[in-house]
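Peer 1: Each chain, written out:
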Amino acid sequence: MIKVSPKIKRILVPIISIIAGFLVGAIIMLIWNYNPIQAYSSMFASALGNMNGIGETIREASPLIFTAIGFAIASKAGFFNIGLPGQAQAGWLTSIWIVLAYPNMPKIILLPLAIIVGTIAGALVAGVAGYLRAQFGTNEVITTIMLNYIVLYTCQYLMQQVMSPNLRIDTDTTKNISSNGSLKINWLTNMFGGSRINAGIFLALVAIIIYWFLMKKTTMGFEIKSVGANPFASRYAGMSSKKNIILSMLLSGSFAGLGGVVQGLGTYQNYFTQTTSLDIGWDGLSVALLGGSTTIGILLAAILFSILKIGGLGMQTIAGIPYEIVSIVIAAIIFFVAISYVIGLLFKTKDKKNNYQQPQRKERGPNNGIDGSNIEVGKKGQI
Amino acid sequence: MEKETKNIIEMRHIVKDFNGFKANNNINLTLQKGEILALLGENGAGKSTLMRILSGLLEPTAGEIYVRGKKVDIKDPTVAKNLGIGMVHQHFMLMESFTVLENIILGHESTKGPILDLKKAAKQVSALAKRYGLTLDLNARVADITVAQQQKVEILKVLYRGADILIFDEPTAVLTPQEVTEFIKILKGLAKEGKSIILITHKLEEIKEAADRVIVIRAGKSVGTFDVAAVSDDRLAELMVGRHVNMTLTKPQVKAGKEILNVKDLHVKDNRGIMAVKGLSFAIHAGEILGLAGIDGNGQDELVEAITGLRHVTSGSVIINNKDMTNQKVRKITEAGVAHIPADRQKYGLILQFPLADNLALQTYYRPPLSKHAIINHKAIHEHAEKLIKQFDIRTTSATLLASDLSGGNQQKAIIARELDLKSDLIIAFQPTRGLDVGAIEYIHKQLLAQRSAGKAILLISYELDEIMQLSDRIVVLHDGQASGEVKPEETSNKELGLLMTGAKTEGTNHD
Amino acid sequence: MNIVTTLALIVSSTFVYSAPLILTALGGVYSENSGIVNIGLEGIMTMGAFSSIVFNLTFASTFGKATPWIGALVGGICGLTFSLLHAVATINFHANHVISGTVLNLMAPPLGVFLIKAIYDKGQTENITQNFGYFTIPGLANIPIIGPIFFKNTSAPAWCAILISILLWWVLYKTRFGLRLRSCGENPQAADTMGIHVYAMRYAGVLISGFMGGLGGAVFAEAISGNFSVSTIVGQGFMALAAVIFGKWNPLGAMWASLFFGFAQSLSIIGNQLPLISKIPSVYMQIAPYVITVVVLVLFFGKSVAPAADGVNYIKSK
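Read top to bottom, the protein sequences are chains A, B and C. The working numbering applies: residue 1 is where the first sequence begins, and numbers increase by one. The working numbering applies: residue 384 is where the second sequence begins, and numbers increase by one. The working numbering applies: residue 896 is where the third sequence begins, and numbers increase by one.
Simulated from the structure, these hints should not be mistaken for laboratory data. A portion of the hints provided could be inaccurate.
[Stated by the list, open to error] Here are the simulated DSS-like pairs of lysine-lysine, each with C-alpha atoms no more than 27 Å apart in a straight line: (1) B:K755 x A:K217; (2) B:K454 x B:K604; (3) B:K878 x B:K568; (4) A:K3 x B:K454; (5) B:K604 x C:K1211; (6) A:K242 x B:K712; (7) B:K495 x C:K1069; (8) B:K586 x B:K878; (9) A:K217 x B:K712; (10) B:K502 x C:K1211; (11) A:K243 x B:K712; (12) A:K217 x B:K715; (13) B:K762 x A:K216; (14) B:K506 x C:K1211; (15) B:K715 x A:K216; (16) B:K755 x A:K243; (17) B:K652 x A:K243; (18) B:K503 x C:K1069; (19) A:K9 x C:K1211; (20) A:K242 x B:K715; (21) B:K762 x A:K217; (22) B:K495 x A:K242; (23) C:K1211 x B:K652; (24) B:K495 x B:K389; (25) B:K458 x C:K1211; (26) A:K7 x B:K762; (27) B:K755 x A:K242; (28) A:K243 x B:K568; (29) B:K755 x A:K216; (30) C:K1069 x C:K1143; (31) A:K216 x B:K652; (32) B:K706 x A:K216; (33) A:K243 x B:K773; (34) A:K242 x C:K1143; (35) B:K712 x B:K773; (36) B:K502 x A:K217; (37) A:K242 x B:K389; (38) B:K454 x C:K1211.
From a predicted model like this one, the values you see are computed outputs, not experimental measurements.
The following block holds chain A by itself, in its conformation from the complex (with noise of 0.2 Å):
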């Protein structure tokens, strides 16, 4: 057994973890006849070994941000947003809309109208997960769930039929935006060799900024917190629970819209039918787990995995492997980060406390996710 203080294990969970992730990928290859080394060689020299494959890689993780702050303030909270798709969704449809409604209205105007508007249906579509979990006390993870399939055929039926179809190709794409509400930078642009880099990454480092800022400095941060961590003790000290719950679960779409606002103004530029959930939002929820909600742990996971699933392109081309195995090695690091209570067993950390506490033989575990990851939640009206 190894000892080491308790903030290098810290660190040392998701790094394992990643380890271990790869190590499964690994493996699955080797089963299917790949070679593991070429694949992972060619995925790090497509992601990383040019400008353009640096530019894309920034570009993806942009979104990823996004997604991965909405789901942590909702997990701070004590919620598991799963539906962080139909959000980021929502926000990518309505602001392309709006910017090919008004395609002249100056870029100072439409840019910033565009982006709210997205933000505004991010946040309504988390809302309403918000909304029925206060007042009714109904589970979110399947309401958020359910929204995501709501959400991707209410897309679908808007664009078919509801859109003018002046502001589309065909019934499946829309129209390529104007340049006043797109997010493209031309000098960004050449300088990584022609990707799709745009200004969504300075929008994620503000949005960085501004979730470190809410969850240490304001007393809403810290109210979401308790309320995330003891919804019993935080109701006592008279805090809010429904107004929190709500508030949360508004922000975290806010969040989750936004990440499809740039995937809109800045990857695509042009809205086009979506037949599964968004994968930055999925992506979103790994990113915030492997990142274990902290600034820094977003900002390095939403890195690595952009790294994978944009060297995950290059390595099919080049090597001819299956791009699903970027997504297995995404899962299997998640896995490893779930179980890393036996990771933690590897290392034994140097206790300062000299405080002594009765091992307690039922853990006070998780509800479904409900009320938090340790907290032993009533009976009444859980899953």
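Fit chains B and C to the supplied structure of chain A, relying on the hints for placement.
Peer 2: Below, chains B and C alone, put in the same frame as chain A:
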């Protein structure tokens, strides 16, 4: 041939080490056939650990156990069961949604193939219940029966498993004085039938009444075994605590002042929507401690939650400092002058994953000096914490230590520090000393009396009758959501309180 | 269309869409009654669907008409194997049940597609030739009115699922195993003191849910989708989970709830054949099952009580 021995159990040199903390440190214990042996010690002295070892729930770090003269290795509860050892836990080990019968037979079911044979089981359990005078409705759901009945379920459970060595962990903590008397009768009946009994307790009078011998444990070590008849209460108390304890508190004369809290015809529903407080009225004045006695579950939780704004008041009113505070928000009520020491400190009183400093700021974080314009001032929070740590003598390495790393006594001190620092006119103390050792209890009692002297009104809710009797100026007894009587501590007895707690007398009856 | 044929159409398509939900929800009932929340049912269904399709495509010529049935068993076994991940993570390694379940959901679709690509060199499979199809129960189908509606051209897996529901209800409430399983979801600490092996019981709960979820996914694939792709299972696992709650954690309750959700799902498919409903824009029919799931949860969630220790990890201290 085994040597014939009177000792049915011998535990020798038992050590239990939890990561460097010795919960049991070289304890010896012998239990003789047919006797009732009391295991006396403070909260946290290591009594429960020792008994969990004996019942196979924990493995000792060192030491030997002999049952009926034979050395045994009790590595799990099944081994204990096969040796005839059964334990009735302090927190009942029951499945609330299961029936009484299902609870009793679980793990020891009579079956036809894989199918439960409930009829046969019911017959066996009924016979057993009759023999030991433990009458119960076997088909009732455990969630629907009283605590005293649940205890009978627990006893039947161990008897059904054929136990002849019975361990009871703090069995009377939840019972009324009358139920305690009945329980001790059952206990003696069991001993007479040849069962050997270990009774874990920290109540001296019970030992006097029930036990033959007593073993005293302090800080993980045994400090002696005595015949109950040959040792005085004072001596036992001293051995248990390790120093001379003054068991009587001196209560200074305080003149009651103006009315602080007035509760009028209060009706409150519980979680299931059933009326739990049914028309309760009382008032508390400055410089007065009102004790609220009663059995757990007679509306205490709902009453406290209604006064503090945590629960909706169906009808009636709560007047605090002459202002109507019925159904106001929690924070507004706190600011109107209410401090609240909650019954469950880990669930309601603290956020265990947060540092001590944040926990001490839980009631005041949102206003200056701890925050300004919704921005938190971490330096102010830290200074606030340092001040309270010093003032209330909270033992911690630093203000940044997590609340979960504090001992139970210091967790309670932290809550008391935070609440008393609000300088509220009304202090609601709900089970303020639950699970604490004598030193911490003394400290908290002194703090409450000091607040009384400072002219605060105090509502003390406790299931410990001794605590109520010692501290209160007046006692209201709660039964089924109503006041079944109001008495003065110097004019009443535990027996009378016990009767009131079961609703035997109603208000207005003369006390003799 | 007369009433009987309309009803027959509704009932048979309801049955077709309910069968996977019933089977999967039954798994959820067992897992949650043992104390493990299993949000990974969706992923388990995906693995069941994947493996049964691969089996079906490979062995259709060997087993003929029996292929989908054997394929369903293969799906069940694959689901069971996959659920081992969740069991190990939550029972031995104290993982948060929701996160662990989410990992199954994240893992299954790419794993399935990866393997499809590795085996067939393309992103989705061919359609199977041996599917469950429709089935007429001899004898019962001849009963007037009821026969044509319920027993003629109906779904054999659905009737099997209903029979399994009754069997699993009986096991859960009438046998020693059921009593012990429920005790671990109610109060694992107490169960442990009664000498019940909590970990073993919880493993049983999760593995049963893995088998049933795999079965459900396989039935969905072999009766409805007919092939496997990344979008074969879209939310059915979560609907099954909702059915567990709506059905109050009781096998028969979950069965009725699944039939209800199956009805909602089938409406979006057969809606255009029904006189009144065909006028409603298709989007409403498409989102109806999901909206109804949410509405049902809102209305019934507070009123049903989960096993007390559902989702609470149990750590034995020694």
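Peer 1: Does B:K502 pair with C:K1211 here, judged by a C-alpha cut-off of 27 Å?
Peer 2: With Cα atoms ~33 Å apart, B:K502 and C:K1211 exceed 27 Å; violated.
Peer 1: Would you mind confirming whether the straight-line C-alpha gap from A:K242 to B:K712 stays at or under 27 Å?
Peer 2: 13 Å, holds
Peer 1: B:K458 and C:K1211: Cα distance at most 27 Å?
Peer 2: It holds: about 13 Å lies between the C-alpha atoms, which stays within 27 Å.
Peer 1: Regarding the pair B:K454 and B:K604, is the alpha-carbon distance no greater than 27 Å?
Peer 2: 22 Å, holds
Peer 1: What's the verdict on B:K495 and B:K389, does the C-alpha distance respect the 27 Å limit or exceed it?
Peer 2: 40 Å, violated
Peer 1: Taking only the CA atoms, is the gap from B:K712 to B:K773 under or equal to 27 Å?
Peer 2: The given pair, whose Cα atoms are some 32 Å apart, is violated under the 27 Å limit.
Peer 1: Hinted pair, alpha-carbon criterion (27 Å max): A:K242, C:K1143. Please report holds or violated.
Peer 2: Holds - the C-alpha atoms of C:K1143 and A:K242 are around 25 Å apart, at most 27 Å.
Peer 1: Holds or violated: A:K242 with B:K389, Cα cutoff 27 Å?
Peer 2: At roughly 64 Å apart (the allowed maximum being 27 Å), B:K389 and A:K242 break the hint.
Peer 1: Between the alpha carbons of B:K762 and A:K217, is the straight-line distance 27 Å or under?
Peer 2: Between B:K762 and A:K217 the Cα gap is close to 11 Å, so the pair holds against 27 Å.
Peer 1: Would you check the hint for A:K217 and B:K715, treating anything up to 27 Å between C-alpha atoms as holding?
Peer 2: Distance of about 24 Å is within 27 Å: holds.
Peer 1: Would the hint linking A:K217 and B:K712 be met if the CA-CA limit is 27 Å?
Peer 2: 25 Å, holds
Peer 1: Given the hint that B:K495 pairs with C:K1069, does the C-alpha gap stay at or below 27 Å?
Peer 2: 11 Å, holds
Against the hints set out earlier in the document, violations occur for numbers 4, 10, 14, 22, 23, 24, 28, 31, 32, 33, 35, 36 and 37.
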